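**Student:** Going down the list, the sequences are from chains A and B.
Everything in the first sequence is counted per my numbering, starting at 9 for the first residue and increasing by one.
Everything in the second sequence is counted per my numbering, starting at 551 for the first residue and increasing by one.
Worth flagging that the hints you see were computed from the coordinates, not collected in a lab.
Check each hint, because a few of them may be wrong.
[As the list claims (entries may be wrong)] Heads up, simulated DSS-like pairs for lysine-lysine below, C-alpha to C-alpha not over 30 Å straight-line:
(1) 761(B) / 57(A)
(2) 403(A) / 361(A)
(3) 101(A) / 179(A)
(4) 702(B) / 53(A)
(5) 149(A) / 173(A)
(6) 52(A) / 702(B)
(7) 761(B) / 52(A)
(8) 53(A) / 761(B)
(9) 57(A) / 702(B)
(10) 149(A) / 179(A)
(11) 52(A) / 696(B)
(12) 422(A) / 403(A)
Since we're looking at a predicted model, the values are computed, not measured.
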Amino acid sequence: MKGRGKGNLPPGDFSERQIEIPEFVTEREQPVRRAKPPGKPASKKQRNKVYGRVAYLFSAMFLALAGYLVYFNISLAEQMRANPNNHKMEEQKQYVVRGSIYSADGEILAGTNINENGNETRIYPFGNVFAHAVGYTTNGKAGVEAAYNTALLTSNTSLVEQVEKGVKNEKVRGDSLILTLDSRLQQTACAALGAYRGAVVVMEPSTGRILAMVSKPDFDPNRMGEDWEYLIAEDAGSPLMNRALQGLYPPGSTFKILTALAYIRQNAAGNAYEAYRYDCSGSITNHDVTIQCFDGEAHGSEDLQTSFQHSCNTSFANIGLGLDLNAFADLCEDFLFNQDLPTLLPYSSSQFKLNSRSSYGDIMTTSIGQGDTLVTPFHMALVTCAVANDGVLMKPYILERIENSQQTEVQETKATAYKRLMSVQEAEVLQSYMRSVVEGGTGSSLWNDWYTVAGKTGSAEYEVDGNTGLEENFSTHSWFVGFSNVEDPDIVVSVIAEDGGTGSSAAVPIAKAVFDAYYSENGYAVW
Amino acid sequence: MDSLIIQFSRYAILFLMTIYTLQSYLVFGRREDDDREFIFLRQNLMMFMMHFIAFVIMFLETRNRDILFLYGAQFIYLAATLVFYRNLYPRASKLIVNHMCMLISIGLVMVTRLSLSADRIDAYRHFEIAAAATALALIVPVIIRKVRVLTKWTWLYAAVGIGLLGLVAVGASETYGAKLAFTVAGITVQPSEFVKIIFVFCIAGLLGRAKTFRDIVVATAVAAVHVLILVCSTDLGGALIFFITYLIMLYVATRNIFYLAAGFGSGALAATAAYFLFSHVRVRVQIWQDPFADYAGSGYQVAQSMFSMAAGGWFGTGLMQGTPENIPIVEQDFMFSAITEELGGAYAICLILICMSCYIMFVNIAMRLSNRFYRLVALGLGTMYGVQVFLTVGGAMKFIPMTGVTLPLISYGGSSMLSTVLMFAIIQGLYILREDEEEQIERQRERELAARRFF
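Bound-form chain B, shown alone:
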């Protein structure tokens, strides 16, 4: 009987996911605020139903009471996040809040599911970090409103960012061939995740006031130092994310397509040079070309990822029915393959579309901000997110060579979770700021009109 429920539940999950995804695009067609509000609430319902079904399956499969406890805690957390945002920040973009909760809930489900197959994964810890990060993020909009000097610390950002990355390059322990993390007092921190945010603030400061070509050269040099340190730490994914984000920010700040073209051109040259200079780059490219050439060695991970995705097909094997744990470090770099295997290719396409909707919303918000610095910050942070999703999803399905970055908000890993939630919160904070300003302008104008009428 259980197997029957499990077999049919995957269609229910896919159905809910499809409706959710469709609604996140259809909502743009609605003019009335009430209509939109109704769609947003319905999206929340979809998310809670998916979360519930997933936990029912995991409980039926394991009969483990911890699952029930985790479900309760996660439900309260997701509901609280939505309630807090609605009440504290009614002007926040509800679509982004919904997407953030949706992506986090998918991550919670998948991490819980993978923790049942692999001891190294601690579902409680992941949940605690998500909850703590979300709680911390709630004060970010307040900080943005109150602390106006955030925009002035350009060189401090540069110093801190380069300093942290340098420290990692020199002193960090090596995991899976890349130097990424420090362990301080039992807590492993990945500083590059936080430097992402600092970097965007720094570049926004530099480009925001750039007037001459010399200013652009300075900004480019600062960005280049970041990227080069990451390359030296063999964090290729990180280097690529910083590099592309800088190019996009430069393009938007200068509106000069030549910079973008020149940037990608020199990037391609640098990548070619790296291919011939560094053996680990060559290995990544060889794996991408044919993971089966060295199946038992370097190609194993990507080959397993291919098997996972193939096993899933369109509709997935069903939660708990596949073996995504066969992919080494599935919980970080190959979360997308695990999702595709158990929840299906169609579900995974919906997931990509949700990430795309996030990015479009970020650009949309950036475009509507009136302050040049904030505009660049919003676009830069959004682009960090977009590039990272592209690299990890593309790498997992062998569309591009694997770069070893996490799927934001979904993958297991505290630093990535915290920094992404903060990014979302900062963009929300900027959006709220803008909405407040608009209201003020509107009020001021009404006052003027009233005054005019009075005279």
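Chain A on its own, in the form it takes in the complex:
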């Protein structure tokens, strides 16, 4: 008898008591279980192998669950805690006084006052200036207040104080946040944007630190309760929306940075892109679609660099028609179009819709930053950061570190690279092109002896009321993106002024104020 092989048992046999099927005895197997016999029958070994495989399979499934839980805690939990729908931490308010928020230069941006009755009031000493970046906590939450709600309501204070407060049944102080925002740059940017609707983002390309983030129209976070009705009114211009992160605009000519990069990359062999020549007559027509240069100006004979410098629409429409569009789309997705951005703050995803089936009109308009392309000012800052930082995009961050109420560090954000988006050579070519814009192009008012700037202006046309196609319904947003100290870039500035006209008319002076402030001795702009 060969033991329990594949179905070699008569039906019904299995119902007998095992003792009456003397498997062990006939096989001369040691009957004592723990002492395993040396010569086990093959069938039993096979059988155990199958059971072993099942056990391994399920163990792997259980370990995958445990592994996912670890992954969740490391990678997803923070994002979930920052989700604006998450009201979990409200419970902690009974034990913890909400922590304070400071700027990088030590100014208090948000703090909690407690009066003699124990009532708590959240105070924002700078009022409107940090409204969108820092956010608010009444009538919902926004900005840093929302994204780092958990940290603000967590106390890592010393054991002694925890015990002391615990015994007295008093609240402990929540941890403080020290942000990367610079109060002087923020104030300058806010004042420079003035009455324009729009946004300013200032970043440090070598680290990814966000130095300033302004959006207008704004609001006073100290008066959310009183002003609420006005703030959510339909004609208020969405003052609660952080345009820096959530405002989707056509990029206009600032997008030519990516069109140029696509062309350079697709004609890299033997630096063939340098041989690009185009004779601009002020307009280009292809299959009944006509693209004009600004004011119909004819730029004459150009290469790639001068096309960029003059922001020549006809030349860039021509470039677009020669591009491998799928590769262009891949490049834009690499640059985070249609993708998630690496930040905890709530943002809108930028969109880029070109592919190999796109129409000629779409190709030409998209290549000059119009068409269906939409981008946020923050995202354009990231693109510029990658160029300025020799091709490597650093992960953007606004939280420098967390300290407990005794100023002992709890957690510090380390600058980390997000991804290399282009080669050093490509970045250097783009840097030189952007430098030429300031040296003799649309950004020449940024030329000075004090510091060097490289950048790109943009004038983004959009239709005010729906899709009428009527000339008088079009208006223009004014864009500028650029960086200072071209050899070893210090800061990146991204500006949009809604309905500001051309880039040089509104956005460039705003950027200039920010650069001036950064390089002035007291940190404020010289007006």
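Mind docking chain B on chain A? Use the hints.
**Tutor:** This is chain B only, laid out in the frame that chain A set:
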């Protein structure tokens, strides 16, 4: 002062849980029975300490005398279960008894805690069912030993199982989009929980004597009828549990990896077809991909579960400090998230490892049984348990789409509790049977040896 005790108690609970979990694996390294015995007793101590601390916290938070009463009753129940098993069935696997008590005690704590936040949850009822189920389960090993015809009723099992599931599909009331339960005389019964056991007996009978390909086709057809009825009742979790259990039993019975691969292949095809055919399947997948796309609607439950787990972090908010009651029907399908929120991610990992230890023990027992039918029963029941844990834990943390099944022995719900305790008891009964047989063989052999020496 209270808040201080509560804050520090979570570390104590986590510590005890970690030691308990470690010991359930370290025990395999011990050769001596005395050493093992010592570990098992220590595990019981850990469980009682955790149970005690949890109730201290709940009492401090509520100052509710009912809590003290519940603690006393639950303590007596847990202690009695351990004492009864030790004395009535000294040959039962002590590790499985320990795990069963541990998981039930976690369930008792969590249900008691959730009952303090949600009126619909009745901690007394849950406890009564647990106690009744455990008492009933105590006679299961006796039944297995005495009633040998259990192995012969294959077609009766098939008829009863399919009949019950059919009845549910036709006549049951709908809860949360799935037809699951009957209410008879004020008691709500979920028949599919009990059909799980009957199904495993039925398939073990069919596969146990399968000799030809035709026999396998017959067994597959019977299993397919079960699964299809469950799909029609929109009980997707149930259908998946039955389906995977059948595949694993088929694989073990035939040792043919081709069947397993073909089964999973056709399962994947069926799942794809279901995705395009049924809107509720699509909704589940969409929630899994992005619960925030329809946050206020279908995604709300899973989104809240994510918030719960995130709020817990590694060490948890502490018992009574979180808000797990924000998750709709947390007491059934999302018990795992509630545990993660208040007792912590590290604790939850220990819990997964305990469930894994249970499953490994089940397979181990199945492997050591000498009767083919019983082997398949033990493996089948164990697999029912394993798949269910995987589906509910994976669904709660959005590792896989949510299927809406309970966490066995922990979730609130009488039918699930009773059927799982019975499953554990049946496996124990089979194990005891085997140990008895071994002893008999040993005795017989000793007699033979003695006789040989005598001549």
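**Student:** Does the alpha-carbon distance linking residue 422(A) and residue 403(A) stay inside the 30 Å limit?
**Tutor:** holds (10 Å)
**Student:** Compare the distance between the alpha carbons of residue 52(A) and residue 696(B) with 30 Å, and conclude whether the hinted pair is satisfied.
**Tutor:** Between residue 52(A) and residue 696(B) the Cα gap is close to 27 Å, so the pair holds against 30 Å.
**Student:** Quick one, are residue 53(A) and residue 761(B) close enough, alpha carbons at most 30 Å?
**Tutor:** Holds. Residue 53(A) to residue 761(B) sits at ~20 Å (cutoff 30 Å).
**Student:** Tell me if the straight-line CA distance from residue 761(B) to residue 57(A) falls inside 30 Å.
**Tutor:** holds (21 Å)
**Student:** Can you confirm whether the C-alpha distance between residue 101(A) and residue 179(A) stays at or below 30 Å?
**Tutor:** It holds: about 9 Å lies between the C-alpha atoms, which stays within 30 Å.
**Student:** Is the straight-line distance between the alpha-carbon of residue 149(A) and that of residue 173(A) 30 Å or less?
**Tutor:** Roughly 28 Å between the alpha carbons, so the hint for residue 149(A) and residue 173(A) holds.
**Student:** Holds or violated: are the alpha carbons of residue 52(A) and residue 702(B) at most 30 Å from each other?
**Tutor:** holds (24 Å)
**Student:** For the pair supplied as a hint, residue 761(B) and residue 52(A), confirm whether the alpha-carbon distance does not exceed 30 Å.
**Tutor:** Answer holds: residue 761(B) to residue 52(A) is near 18 Å, not above 30 Å.
**Student:** Is the straight-line distance between the alpha-carbon of residue 57(A) and that of residue 702(B) 30 Å or less?
**Tutor:** With Cα atoms ~28 Å apart, residue 57(A) and residue 702(B) stay inside 30 Å; holds.
**Student:** Going straight from one Cα to the other, do residue 702(B) and residue 53(A) come out at no more than 30 Å?
**Tutor:** Holds: residue 702(B) and residue 53(A) sit about 28 Å apart, inside 30 Å.
**Student:** Are residue 403(A) and residue 361(A) close enough, with their CA atoms no more than 30 Å apart?
**Tutor:** Answer holds: residue 403(A) to residue 361(A) is near 25 Å, not above 30 Å.
**Student:** Would you check the hint for residue 149(A) and residue 179(A), treating anything up to 30 Å between C-alpha atoms as holding?
**Tutor:** Between residue 149(A) and residue 179(A) the Cα gap is close to 22 Å, so the pair holds against 30 Å.
Consistency with the previously given hints is maintained throughout, with no hint failing.
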